[in-house]
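For this one, chain S is given, so just place chain V on it according to the hints.
Next come the chains, spelled out residue by residue.
Protein chains: 2
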Amino acid sequence: MKVDLIIQNGHILTMEGKGVGFIENGAVAIKGNTIQGVGTIDEIKRAYQAERVIDATNKLVMPGLIDAHIHTGIAIFRGVAQDMSNWMQKGLWPFQKHLRAEESVIGSMVNIMEGIKAGTTTFCDYDGRMDLIVENYRKIGARARVAELVNEIPDNVGDLPVGELYPFDSSIGNTKLKRNLDLYENHHESEDGRISVILGPHGPDMMSLELLNEIKAQGDKLNTKLHMHVAQGDREIDQMAKRYGKRSIDFLDEHGFLNERLIAVHLTEATNEETALVAKRGAGMIYCAGSIGIIDGLVPPVYHFIQSGGTAGLGSDQAPGNNCNNMFNEMKFAAILNKVKLADPRVFNATMALRMATIEAAKVMGIDHEVGSLKKGKKADIIIVNLQDPSFFPIYTKPIRNIVPNLVYSARGHEVETSIIDGKVIMENRNILTIDEISTIENAQKVAEEIAVRSEKDILEAKSDILDMVTEGLL
Amino acid sequence: MKVDLIIQNGHILTMEGKGVGFIENGAVAIKGNTIQGVGTIDEIKRAYQAERVIDATNKLVMPGLIDAHIHTGIAIFRGVAQDMSNWMQKGLWPFQKHLRAEESVIGSMVNIMEGIKAGTTTFCDYDGRMDLIVENYRKIGARARVAELVNEIPDNVGDLPVGELYPFDSSIGNTKLKRNLDLYENHHESEDGRISVILGPHGPDMMSLELLNEIKAQGDKLNTKLHMHVAQGDREIDQMAKRYGKRSIDFLDEHGFLNERLIAVHLTEATNEETALVAKRGAGMIYCAGSIGIIDGLVPPVYHFIQSGGTAGLGSDQAPGNNCNNMFNEMKFAAILNKVKLADPRVFNATMALRMATIEAAKVMGIDHEVGSLKKGKKADIIIVNLQDPSFFPIYTKPIRNIVPNLVYSARGHEVETSIIDGKVIMENRNILTIDEISTIENAQKVAEEIAVRSEKDILEAKSDILDMVTEGLL
Chain S
-3 MKVDLIIQNG
7 HILTMEGKGV
17 GFIENGAVAI
27 KGNTIQGVGT
37 IDEIKRAYQA
47 ERVIDATNKL
57 VMPGLIDAHI
67 HTGIAIFRGV
77 AQDMSNWMQK
87 GLWPFQKHLR
97 AEESVIGSMV
107 NIMEGIKAGT
117 TTFCDYDGRM
127 DLIVENYRKI
137 GARARVAELV
147 NEIPDNVGDL
157 PVGELYPFDS
167 SIGNTKLKRN
177 LDLYENHHES
187 EDGRISVILG
197 PHGPDMMSLE
207 LLNEIKAQGD
217 KLNTKLHMHV
227 AQGDREIDQM
237 AKRYGKRSID
247 FLDEHGFLNE
257 RLIAVHLTEA
267 TNEETALVAK
277 RGAGMIYCAG
287 SIGIIDGLVP
297 PVYHFIQSGG
307 TAGLGSDQAP
317 GNNCNNMFNE
327 MKFAAILNKV
337 KLADPRVFNA
347 TMALRMATIE
357 AAKVMGIDHE
367 VGSLKKGKKA
377 DIIIVNLQDP
387 SFFPIYTKPI
397 RNIVPNLVYS
407 ARGHEVETSI
417 IDGKVIMENR
427 NILTIDEIST
437 IENAQKVAEE
447 IAVRSEKDIL
457 EAKSDILDMV
467 TEGLL
Chain V
-3 MKVDLIIQNG
7 HILTMEGKGV
17 GFIENGAVAI
27 KGNTIQGVGT
37 IDEIKRAYQA
47 ERVIDATNKL
57 VMPGLIDAHI
67 HTGIAIFRGV
77 AQDMSNWMQK
87 GLWPFQKHLR
97 AEESVIGSMV
107 NIMEGIKAGT
117 TTFCDYDGRM
127 DLIVENYRKI
137 GARARVAELV
147 NEIPDNVGDL
157 PVGELYPFDS
167 SIGNTKLKRN
177 LDLYENHHES
187 EDGRISVILG
197 PHGPDMMSLE
207 LLNEIKAQGD
217 KLNTKLHMHV
227 AQGDREIDQM
237 AKRYGKRSID
247 FLDEHGFLNE
257 RLIAVHLTEA
267 TNEETALVAK
277 RGAGMIYCAG
287 SIGIIDGLVP
297 PVYHFIQSGG
307 TAGLGSDQAP
317 GNNCNNMFNE
327 MKFAAILNKV
337 KLADPRVFNA
347 TMALRMATIE
357 AAKVMGIDHE
367 VGSLKKGKKA
377 DIIIVNLQDP
387 SFFPIYTKPI
397 RNIVPNLVYS
407 ARGHEVETSI
417 IDGKVIMENR
427 NILTIDEIST
437 IENAQKVAEE
447 IAVRSEKDIL
457 EAKSDILDMV
467 TEGLL
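In the order they appear, the protein sequences are chains S and V.
Sequence positions in the first sequence follow my numbering and run -3 to 471.
Sequence positions in the second sequence follow my numbering and run -3 to 471.
Mixed in with the good hints there might be a few duds.
For chains that are exact copies, the list does not tell them apart, and a pair is met inside one copy or across any two.
[What the hints assert, rightly or not] Using 27 Å as the maximum straight-line C-alpha spacing, the simulated DSS-like pairs for lysine-lysine come out as follows:
(1) K174 with K27
(2) K372 with K420
(3) K14 with K86
(4) K212 with K174
By construction, these hints were calculated from the structure, which means they are not laboratory data.
Small disclaimer: the values here were computed from a predicted structure and weren't measured.
The shape of chain S in the complex, shown without the other chains (with noise of 0.2 Å):
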């Protein structure tokens, strides 16, 4: 059978089955947008002949990183609210309430490239006016399942004092709904499959039941997912404490939510019988190991999820919380962190962080059909590593093997030289094929030095704690 690509001589992890799959010196072949066929080469030579072959000699071929949770339209704010208490309300809002729809889009397009360069392939965008910045997705060539963010409260929510209730508008939830709709309409199942939309409610905390149960309704309607924050922070506890007396969970489930449409965003403040009960549900969980662990110092209970039997994928949240959205960082962090909060080396090991930055997080997303792993049929979402990065030095494969460790442990992201994203070459020798990277940085920035300008006052006026450490030369 005639192909458009062979990539050939690379060692493989299919991330097939319960492990990694691995494929000793293997081939991939690719038709349009689908692998064709993994195996041997001998195996893959056999049945193909293709267009284009690329050789991975000592290589890695593994399907591309799947970020199941970022908000990329606030990564123009990175780095500025840091090792701080009330890092949204002191750190970022004083930044972001000058922040304009189409820079947050300028802005998302360098957090996109940021995460293509370090193997990132599908990007589960969550965030406010999606409508715009799903045009980024489409133009760099990236795979993206998008929802707008939903919620019903006003945007200078920001200001409001912390402890008091949020003031719900039904109006703004309209329009946010709306928005979210029309972007189903408008763009799911656009690009030969490539962006997919489904519904992005905030968190139970930020709008009304009648809000909350017209989104549900929504998703049973489209036969779709919903992407929430679940327990994220003790300010959405407050919250629900102080308008339902209720814990988050035990609301969700006592009105219909907590099932498998629903994906748990971080569950930072969910006890362990909370989360073994959104686990036993069948609901999905995201965890962001980074982010959680800079903005509040904690580990979320993913841990007991899995070992309650659900199943989580990894997300890099937002550039102003983690600084980074990098899954290479996210699989660091997460076995270390729960190595260190179970106090057992053994526990979260190298396979199990990286099938959920890939399997695991496809299976979360309701994706798992197309991508994840590397299997005839799939969608060709495919990266190619460079193993003769010092990181990786030395490979073993027999007896034993050391790849994933190190690709887990050791490897930052700058080792993925190719990144093939719906059969397309995307980035080839690191370089972005489908936009021009530096003129995009360019831009970007000068975005941001206006809107430090205009923010000035408000920053000065917050007293952060890192206003202080400028202050005082720390930074």
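Then chain V, alone, in the frame of chain S:
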């Protein structure tokens, strides 16, 4: 004044003072191996004319990183002992018992390359046969402060059941101490002072009190530091209890080891009281966040050590434990693990982590008069970092600055473009100029494969967790 090199137009972190010493768009003048001036462009241009100018527009200029504790001699076993119990006995040892000294040196060179490519300019290497390894530093041009690992236990102690007292053999101790003293004699302050030598007692459990006292006496005579593992694990504590009826730190205090000569590495098992005592006595501490997190699932009491007035630096330890020797990784892990340990996002901020990889590490190692910050008269160990990488986007300098959080939490090491060590450009555009990188890796890979063949029987007999995982297809 005529100088050899001016680096100009970059943002500068001098690491002088109590913070990071930020200079916006500044310049550094270098003559020979020495920094002549650091300041604004105007100041430097007025005072100096250079043979060569490096334009650092959109780049960061800062001191090279100091890896305060690294065993490069076992880098050739990266990734063979992760996610398991008894990592040393069952994971590492079946390989290591077949390692020949010359093979160790070949692997070490790739490890040093890895460090340089991630911004490390000073390596505090602490390993066996340092007389051979030191030649790598001489050749590649890195700064090294080395010590021979001195103990008096037989090489095959890895075969000894855990719980049995180590047998001591004074002839081994004499040979190894002689190697350390010869190393001092032959290499200390060689290469214009780029190579220096200190003493390297392996740990209080690894030799007789007699040999420990002899090393202490030699340290006094040579006026040099003692680089030593202290309270590094429960096995050490158990050995000390069985042999002396004491814990390590009490024992060392009683025998006069706790003073400013001591560089206490790990302190994993130290109680808060013991930690405070080590700090109070003036000894320094090295914290290896990744290694102890991954191997043991623990966070040593480094934050308590610093709160008790102690000076601490970061080290990457060894590749079979940590998997990588990258100080960007260490800074990230150190910050996030301590935030989580103390459940407080404000502790262990980015500035603290960065100082511990530069000026504080230099203080611990006794080389802060030479390196660790950019200051007139210090050695020119400087890295130039590309701020136009997406991981640094955007750069804010007013009214708050975000370069340091993004350096610590987002950058990964590949952003380092240029490395200047002792006034010489060792890496430029990410190419190391002093050795051939690819042939070094290819040659070392062949050696690793030969070791794997010789080790196979022992690896299979060790029946390690990692072997089970390979057999089950999990790796």
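Against the structure, test the hints numbered earlier, and report the numbers of the ones violated in rising order. 1
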